[in-house]
Amino acid sequence: MKQSIQYLINIFSIIILYILLFFLIQTGILSSYYSGILILIGINIILATSLNLATGFLGQLALGHAGFMAIGAYASAIFTMHFNVSSTIGFIVSLLLGGIISGIFGIIIGIPALRLKGDYLAIITLGFGEIIRIIITNLELTGGAKGLTGITRLTNFHITFWITVVVVTLLYTFVHSRHGRAVLAIRENEIAAEAVGVPTTYYKIFAFALAAFFAGVGGGLYAHHIRTLMPTTFRFIYSVEILVIVVLGGMGSFTGSILAAIVLTILPEALRDLADYRMLIYSIALILMMIFRPEGFLGTRELSLSKLFLNHKVKKEGGKTQ
Amino acid sequence: MLTINNINVNYGSIRAIKDVSFQVHQGEIVTLIGANGAGKTTILHTISGLLRAQSGEIIFKDQTVSSTEPHQLLKMGMAHVPEGRRVFSQMSVLENLELGAYTRKNKKEIEENISKVFERFPRLKERKKQLAGTLSGGEQQMLAMGRALMSKPKLLLLDEPSMGLAPILVKEIFNIIQEINQTGTTILLVEQNAHMALSIAHRAYVLETGKIVMEGKAESLLGNEQVKKAYLG
Amino acid sequence: MTFLQQLINGLHVGSIYALIALGYTMVYGIIKLINFAHGDIMMLGAFTAFMTLTTFQLPIGVVLLITIIFCAIAGMLIERIAYKPLRNAPRISALITAIGVSFALENLFLILFGASSKPFPYHINLPPLSIGPLQITWITIITLLLSVGIMLMLDFFIKKTKIGKAMRAVSEDEDAAQLMGINTSTTISITFAIGSALGGVGGVLYSIAYPQIQPYMGVMPGLKAFIAAVLGGIGIMPGAMLGGFLMGIIESLTKGYISTLWSDAIVFGILILVLLIKPTGILGKNIREKV
Amino acid sequence: MSLLEVKDLGIAFGGLRAVGNFHINIEPNDLIGLIGPNGAGKTTIFNLLTGVYLPTEGEIILTNENIVGKAPYQIVQKGIARTFQNIRLFKELSVIDNVKIAFHHKMNYPILSGIFRFPSYWKEEKQIDKKARQLLDLFQMEHLANTTAKNLPYGQQRKLEIARALATDPKLLLLDEPAAGMNPQETKELMETIHFIRHQFNIAILLIEHDMNLVMGICEKIVVVDYGMIIAAGTPDEIKTNPKVIGAYLGE
Amino acid sequence: SKDTDTIKIGASFALTGNVSVYGIAARNGVELAIKEYEETGGKLDKKIEFIVEDNKGSEVDAANAFNKLVDREKIDVFIGSDISGTTLTIAELAAEKKIPMITPTATALPVTEKGDNVFRACYIDSFQGGMMGKFAATELQAKTATILYNFGSDYSEGIASTFEEVFQENGGTIVGKESYTNDDKDFKSILTNVKAQNPDVLFIPDYYEMVALIARQVHEVGIQSILLGVDGWDGVIDQTNDFPEAVEGAYFANHYATDDPKPEIQNFVNNYKEVYGEVPNALAALGYDAGKIILEALEKAGTTEPEAVINALKTTNVDYVTGHIEFDEKRNPIKSISVIKLEQVNGKLQQKAYTTIEP
Ligand SMILES: Nc1ncnc2c1ncn2[C@@H]1O[C@H](COP(=O)(O)OP(=O)(O)OP(=O)(O)O)[C@@H](O)[C@H]1O
Ligand SMILES: Nc1ncnc2c1ncn2[C@@H]1O[C@H](COP(=O)(O)OP(=O)(O)OP(=O)(O)O)[C@@H](O)[C@H]1O
Ligand SMILES: [Mg+2]
Ligand SMILES: [Mg+2]
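Listed in order, the protein sequences are those of chains P, X, G, F and C. Residue numbering for the first sequence is 1 to 322, as defined by this note's numbering. Residue numbering for the second sequence is 1 to 233, as defined by this note's numbering. Residue numbering for the third sequence is 1 to 291, as defined by this note's numbering. Residue numbering for the fourth sequence is 1 to 252, as defined by this note's numbering. Residue numbering for the fifth sequence is 1 to 359, as defined by this note's numbering.
Where hints are given, some of them may not hold.
[Unchecked claim] Derived pair list, reagent style DSSO-like, types lysine-lysine, alpha-carbon separation capped at 30 Å:
hint, chain 1, residue 1, chain 2, residue 2
1, X, 116, X, 171
2, X, 107, G, 160
3, G, 159, X, 75
Treat the hints as calculated values from the structure; they're not laboratory data.
Can you make the complete structure from the sequences, with help from the hints?
This is the structure:
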């Protein structure tokens with residue numbers, strides 16, 4: 001009973017938010033500058049929540065997320081360019097395709113990589129991310145170093161909004177199913193997880209591939225928003241930037257990732273007028289935020305609208321690594 | 001030697017130690033007993049400076065040490081054998097012992113001290129080149145104790161030295177504690193094995209959920225019905 | 001013959017990686033922090049040397065000394081300000097802070113010195129040593145000797161000296177180390193001082209070999225050195241050295257015989273292979289968690 | 001028919017032969033103690049039985065099937081559950097989630113059903129919630145269901161670990177020093193708990209313990225190991241008086 | 001814009017990040033052009049506002065920066081960006097919004113194909129590469145050449161491939177085509193191969209910083225070939241001051257020569273040095289010219305109406321610092337190329353105008 005009220009409140013708030021933003025954009029109160037930023041926020045939310053699945057919930061430090069994003073971006077862009085896709089349906093197909101290819105790479109990479117732990121895993125995912133980028137740079141199909149340009153603009157605010165909602169919802173429902181619990185158990189104590197009957201390898205790879213899948217979807221949205229893909233964009237520093245969002249929001253908190261994605265997308269924009277000083281201030285802000293809130297904005301907690309409204313305690317199911 | 005006045009210790013918002021006061025006099029063995037989670041370890045950590053009390057005062061050798069760093073306390077003569085042994089597992093037995101004498105300068109005295117520890121724990125001598133992490137539980141416990149003795153402490157804090165040891169070793173450990181005490185070291189002992197602890201201690205305090213609920217001579221507590229029921233089984 | 005020449009080329013790059021990797025590994029070994037800013041400390045060293053060379057025209061020995069001192073102090077300061085407050089925080093938070101420090105240093109120097117490269121004003125004027133058709137530059141010989149020497153010294157320092165032992169104790173168990181009377185803050189400061197000083201030396205040698213300095217110069221060598229450290233077994237001095245040499249040689253040979261385009265991919269590929277066979281690096285000890 | 005039959009089990013770490021020639025027969029509903037000096041190889045035996053280590057030699061036959069080489073999670077699914085010498089809970093998760101995770105392999109709904117919340121998800125989740133609460137209730141821990149595991153006192157953590165192991169529905173339960181760090185009173189309660197679960201769940205139990213009150217008090221049979229080899233086996237009374245055991249382990 | 005008494009010129013460059021070398025120089029050039037224009041009392045009766053946004057070389061930032069300039073600042077014309085990725089991103093958006101745009105430095109072919117409002121001040125890669133190929137084969141009488149290019153830089157790659165084509169058409173043989181990447185500092189393994197090839201000329205199409213590093217090692221390895229370069233080489237003498245032998249005798253294509261006595265060039269060089277404390281490189285010069293081109297088009301159009309400005313841009317036909325500029329129908333400049341030779345005079349390197357190749 002209580003649960004269904006919670007769901008209703010959440011669905012209702014999302015629709016209200018959408019209508020509000022829709023209205024603001026339609027009337028031109030939010031110009032294309034702002035709607036562009038909204039789209040980026042959506043993409044960053046998708047990237048951060050999906051990385052959070054691997055890093056916050058599964059507990060594996062991964063530094064190759066930009067590589068998966070790149071696969072999704074190139075795959076979906078090549079698809080829409082090749083078939084001259086201009087419909088929303090076709091676009092969604094291309095996003096799924098990007099996600100699936102990226103997910104397959106997630107499995108291929110996950111099988112060997114996930115045998116390692118901690119910093120070694122970080123390095124190996126970093127390595128794979130770079131290899132993916134180098135391959136893209138060397139392929140004809142992807143336009144090589146010259147990049148891929150002339151991609152149709154198919155990403156818009158509406159589609160980004162709803163895909164973001166769907167991605168976050170799916171990630172959330174996954175984490176709160178028996179399979180998600182298995183993933184959390186692995187983070188908490190891999191040996192104990194195995195000792196209570198959880199096939200750890202399977203779930204590690206599955207969670208990793210799922211994260212890669214959604215990163216691919218995010219990449220597809222990116223490709224059809226920015227419309228120029230350069231291999232250099234997907235350097236490991238991009239993976240680091242996504243990781244920063246995850247940690248700042250709180251590892252093991254989707255709402256934290258959402259919050260941090262909003263803050264870290266807007267912050268550099270807000271600092272834009274400072275020109276050369278922009279990145280210096282940004283980095284100092286980053287250091288200060290970590291010093292004063294090392295567990296991130298939300299730690300492992302989830303913000304809950306229904307909690308605000310109903311004023312009762314919502315069970316938490318997160319936790320932090322290490 | 002050691003006086004604790006009304007200390008309160010929190011973990012985050014949870015108060016683990018509430019208004020605890022007690023003393024340890026020169027030359028004594030004092031034991032703290034209490035159920036799991038009563039706060040014994042927390043008190044030892046607070047005394048040796050690994051944790052900070054929210055309020056209250058700790059006086060060691062007539063000096064207030066409530067905010068003194070652990071490494072300074074060691075120089076003042078306080079050594080702590082923490083729960084779970086905490087030996088440096090990637091270092092050899094000998095290196096562990098040398099680290100125990102980290103603050104001391106006199107090489108010759110250190111040498112002598114090491115041979116004294118080896119005398120007391122012949123097992124360690126056999127294994128002095130071995131990495132501490134590969135020692136068995138009991139040997140690690142001996143090492144932890146020997147390492148603490150290397151600093152020539154005036155006051156030794158012991159946290160459950162008998163945990164996880166085979167019966168034959170439990171007896172040995174308590175013998176050694178008494179021996180150390182007889183050579184002039186004051187001892188504050190925390191034990192689950194209340195029976196053994198009370199039988200070697202001079203005085204004892206009983207801790208319940210962060211508060212001291214009883215204190216007295218060890219023998220009298222050993223005969224106390226309440227204590228018997230709650231801690232001696 | 002070209003093969004030997006390529007090997008020598010590889011050793012040169014490798015010894016620079018090794019030098020930087022030593023500092024990386026040192027800091028990692030003690031506080032388990034991937035100090036992302038290490039490459040930028042190297043940049044700091046290069047700029048310090050640049051400034052002292054151009055404004056005061058001091059001899060290179062003095063310049064090196066000043067650089068070492070300056071970098072050591074900078075390293076300690078960074079540790080105190082940015083890392084120490086996070087000592088008990090999740091490790092990954094400290095990693096993010098290190099990334100923040102790295103960005104901050106780069107952008108600070110960008111503002112101070114601009115983005116364009118400055119030619120580094122010191123170089124060794126001796127002609128390369130020729131052995132038959134082989135050419136070895138003096139800077140190669142110096143870096144090679146220096147990195148081997150420093151590695152041996154550091155290894156001795158950490159294994160045998162009192163401070164070295166204290167460092168290892170801190171790295172294993174900070175609380176227990178404190179209970180031994182070790183001042184952990186000081187010990188960690190010393191670690192950072194040494195690590196950063198090495199970074200500084202690396203920066204100077206790097207700038208002599210590739211005489212161009214700019215604010216982002218530390219990023220790539222930093223990353224490569226880190227990979228070298230992991231390859232050899234992070235936290236292990238001879239491992240860093242070996243990893244550095246190997247990386248340099250692999251890079252040089254792939255560039256010479258296969259293709260530059262794939263050289264990074266091949267380096268990463270080999271790294272991945274090594275880690276899969278030996279999950280803790282070439283010299284890493286395989287410590288299984290005891291159940 | 002024996003529940004578990006172990007023959008000639010052995011393992012070496014590097015040069016060190018930690019366990020050798022170990023053998024044991026466990027019947028359904030047996031309660032057996034495994035004792036021996038520190039470093040004798042007791043925990044290692046547990047690790048071999050649960051698939052954490054691969055034995056260098058020997059057979060482990062669980063109801064007619066050799067389980068050597070099976071992964072730990074498979075062995076759990078076949079019916080051997082365990083607790084750990086140093087507690088390994090899912091620390092940051094709630095008490096009830098700790099238990100629910102252990103029901104994992106008894107649940108059936110597929111991943112898609114979980115993600116898209118098909119009816120099977122709701123049905124099974126509801127069942128499991130009920131079962132988990134019932135189990136906690138048996139341990140008088142239902143009121144702690146939403147507490148984060150790491151915040152439990154030590155004794156409760158041990159109990160939770162046992163409850164979690166039971167949730168996997170084992171035929172054989174391995175307990176590694178369940179009384180370590182407990183005072184005599186708590187140990188007594190633990191003894192009652194062990195008795196209780198043995199009858200309630202009708203399972204066999206093999207336990208490692210250094211607390212002789214507990215071992216002698218509840219075990220019907222005791223196996224003593226030293227240097228990885230069995231040095232004695234028998235009833236508590238036989239063991240208590242066995243000179244080899246006294247010399248190596250009990251003392252006096 | 002609606003604002004009648006100011007003209008807003010927007011710009012976006014990489015002012016931070018690892019390609020800021022290019023961005024900052026270009027920005028400085030544009031800034032100087034506008035400053036000079038205002039100081040010398042340009043003929044526009046409106047105030048000029050110059051708004052620059054950093055894009056740190058990232059496409060995302062470039063899109064945001066451009067959108068902000070258009071939506072919030074309501075700019076009339078746009079100058080930027082520096083590298084191809086960000087410029088392509090912006091060109092897409094500028095084409096949609098019909099904002100007159102000129103990139104000072106992005107050489108990638110598709111940039112100006114995005115819309116007829118997009119112009120560029122630099123020559124396209126193929127033009128420059130072709131010219132140098134011909135120069136090597138005919139003027140230098142080279143029979144063999146090795147190309148050493150920056151893989152991953154579309155600029156370097158583009159030039160390399162046309163050079164290869166034209167050099168062969170003119171009877172030359174390419175004996176080696178080697179590549180490196182932007183992150184490389186040590187080229188000895190590649191150069192060891194080049195030494196074995198022993199070509200007449202070694203063509204290195206890249207920017208001066210990389211070139212300075214390579215040239216030094218070319219010398220160390222003992223390669224005797226003539227070095228040949230492109231406009232990106234401008235600035236190389238400052239990098240090789242203490243090691244002039246490295247690039248002595250090399251030729252490179254450029255938009256202009258800093259020692260060119262033409263008053264507008266000397267003016268530019270001196271003013272730039274005064275304001276920014278360094279000798280302007282090609283990127284700065286192109287930025288400067290892009291600024292001037294825009295200003296003159298605005299003047300000629302007499303309005304900020306995009307159509308009018310675009311038409312005015314199309315009719316550009318003036319001598320600038322980087323040469324005489326007219327646009328072809330694809331809005332790429334038709335420019336002359338100066339070939340410069342590096343010579344040592346009294347132990348100091350000097351750029352000598354060697355010849356000019358007309359398009
Ligand atoms: N790091 C911590 N964070 C939060 N609470 C803690 C922490 N450490 C201990 N506690 C809590 O403080 C209380 C006292 O714990 P303490 O370890 O001092 O007990 P103890 O008497 O030593 O118990 P034991 O016999 O199990 O060692 C317990 O309720 C425990 O759960
Ligand atoms: N992974 C391992 N690698 C190397 N040696 C090991 C490993 N695991 C256990 N050992 C060694 O095997 C021996 C047996 O260890 P085990 O943990 O089984 O002892 P135990 O009987 O459980 O002792 P305790 O009563 O102290 O828990 C010890 O000497 C130990 O050091
Ligand atoms: Mg305790
Ligand atoms: Mg054991």
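Next item on the list: Quickly compare the C-alpha distance for residue 159(G) and residue 75(X) to 30 Å and report which way the hint goes.
Entry: Cα-Cα ~24 Å, so holds.
Item checked: Given hint residue 160(G) paired with residue 107(X) - CA-CA distance at most 30 Å -> holds, 15 Å
Check: Taking only the CA atoms, is the gap from residue 116(X) to residue 171(X) under or equal to 30 Å?
Finding: holds, 20 Å
Violated hints for the displayed structure: none, as all numbered hints are satisfied.
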